[in-house]
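Engineer: If you want the building blocks of each chain, they are given just below.
Number of protein chains: 2
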Amino acid sequence: MHEIDVVGIGNAIVDVLSHADDAFLDKHGLTKGGMMLIDDDQARSLYAAMGPGVEISGGSAANTMAGIAALGARAAFIGKVRDDQLGEVFAHDIRSIGVSFMTPPALEGASTGRCLILVTPDAQRTMNTFLGAGVGLTPEDINPDVIQAAQVTYLEGYLWDPENAKNAFRKAVEAAHAGGRKVALSLSDSFCVDRHRDEFRELVEQVDILFANEAEILSLYQVDQFDAALQAVRRANTLAALTRSEKGSVILQGDEVHVIDAEAGVTLVDTTGAGDLYAAGFLAGYTTGRTLPECGRMGSIAAAEAISHMGARPQADLKALVAAKLG
Amino acid sequence: MHEIDVVGIGNAIVDVLSHADDAFLDKHGLTKGGMMLIDDDQARSLYAAMGPGVEISGGSAANTMAGIAALGARAAFIGKVRDDQLGEVFAHDIRSIGVSFMTPPALEGASTGRCLILVTPDAQRTMNTFLGAGVGLTPEDINPDVIQAAQVTYLEGYLWDPENAKNAFRKAVEAAHAGGRKVALSLSDSFCVDRHRDEFRELVEQVDILFANEAEILSLYQVDQFDAALQAVRRANTLAALTRSEKGSVILQGDEVHVIDAEAGVTLVDTTGAGDLYAAGFLAGYTTGRTLPECGRMGSIAAAEAISHMGARPQADLKALVAAKLG
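Chains as they are written, first to last, in this note's numbering: chain Y, -16 to 310; chain U, -16 to 310.
Please note that the accuracy of each hint is not assured.
[Claimed, not checked] Under the rule of at most 20 angstroms between Cα atoms (straight-line distance), these lysine to aspartate or glutamate pairs were calculated in the DMTMM-like manner:
{"no.": "1", "chain 1": "U", "residue 1": "165", "chain 2": "U", "residue 2": "177"}
{"no.": "2", "chain 1": "Y", "residue 1": "308", "chain 2": "U", "residue 2": "207"}
{"no.": "3", "chain 1": "Y", "residue 1": "230", "chain 2": "U", "residue 2": "4"}
{"no.": "4", "chain 1": "Y", "residue 1": "10", "chain 2": "U", "residue 2": "197"}
{"no.": "5", "chain 1": "U", "residue 1": "308", "chain 2": "Y", "residue 2": "207"}
Hints were generated in silico from the structure; no laboratory data involved.
The whole structure should be built from the sequences, with the hints applied where relevant.
Structural biologist: Below, the structure is given as structure tokens:
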């Protein structure tokens, strides 16, 4: 087994991005900035109502792995597609950027997952996800040798919905820790936190690295001030990176606390992938021996690139951007 | 001696506020957002060129004491005016809001200090200060009984310019510590920090509570990232409140770190006094036994009130505002 820096486990999704106004969101009962799970029928009808779209391979953890590869670190991805056209697109895209992807496609059942993303003029994205084949991820898809070859196993909170995927998640955590490796978790979404608050609070104590944005961490601890959430995370005693959009991020580990600014002078086009790419920058730094403030700045740089264009995956040379700013 | 919560020592200044555009600043060689010391002649010519002004008693530490009194805590002020009309205005104003002010006016020498403040359309303030009689503060004006009656002695960095005032400053620090009391210091201004960097670094280690804004703390430690300054302050092992304008503040004490948001939904009119009133809110909380995050929120609330109108001193009922938000 080749050494891997980070292996991501998550939903294999193709994003369909389209511009929309607030009236469109209201008409279809969508909550701006959130992620809603939809079924095959809803996906069809919403897709029909949307304007012309751009299709780009996505998925939260998959985006993070794409960012890590773009930063020059070694990434692998585990996630389920169907043996259909979108599944081929997903597999092609992620492999073409140097991410190892070996999960066999499902030969039956739901088609490859897709996320219908509506980007409003304020650059907010509202996501409607049909998980499709992604739900079919099972413990059998988790190869402990791959997990133990990776410095960090990265899990998206979205995976915590289907029961099979939860078990895959648990198997991965056990394999990583048995091999003396680290586990990172992204809370993914505040609605996701609402659904699984108690389980997520327990999980946070078990993982080694936590990623959460402000809405997620406030929801996790049911507080209304960021500082109150910050103090709760400190008590959980996990390395944590809390992202705050234009306010930057706060990184905690034991007694260390770092307050990292967002990159200045960025033109906001589409916030899709900001959190995924922050995690990519952070983990690419972490697995290559950077200090925590450097990891945070790498997160800021990668997130700034992600929000400056439509779609989550990097379009600029992230490695060169980081080299120019941090050396 | 009655028990005092905070005694402030600083320049006794009357502010003259006027609106101006960027062209006016350029024409008069003024650096936006900064504080420049001017002499009597410069004060006269700049005052003649300014548009119609509003005169309000000011002075950094004096503003802070006004805020503390408005919050219901007991404040006193030590600072030097001349026995002239502006000196009477200053003394009347500060006493009328309940701040004890007993420093005798100078009977000769320069007239009462004034600060010509130009507020640009972006709500930034550019300050041109004629210290006048304020420079005449000497160790004789420091009554150790008053210092030792106060829980906290609050010093503005601006005082560190005239040699006599420096000695007054040192006498106050010694008296406070001899009485087992706390000393707080506000760095006041990044140009002020530039002039006295080495002395200020030593002072920071001697004081118990430090207030600084982002420009000041970056200048003090000659770094360009906020987090680097934050780590330097942690090593200094002082209780510190670092203010960051719309990014809120960060409070440090030993292992404790709190990230406090600015108040939301504030209409920015004039930033004059934001830092002074943050310190007022913080110290009013600190001396009445509030937790550090509560002290920070009281600072945010008082600063938000200050920036919502022209001039530094509170116009709304700060005590009621804090009671409504924090209880």
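Engineer: Now, for every hint given, state plainly whether the structure supports it.
Structural biologist: A quick look at each hint next to the structure:
1. 165/U with 177/U: Distance ~26 angstroms between residue 165/U and residue 177/U Cα, so the pair is violated.
2. 308/Y with 207/U: Between residue 308/Y and residue 207/U the Cα gap is close to 13 angstroms, so the pair holds against 20 angstroms.
3. 230/Y with 4/U: 29 angstroms, violated
4. 10/Y with 197/U: 45 angstroms, violated
5. 308/U with 207/Y: 12 angstroms, holds
Hint compliance for this structure: hints 1, 3 and 4 are broken, all remaining hints hold.
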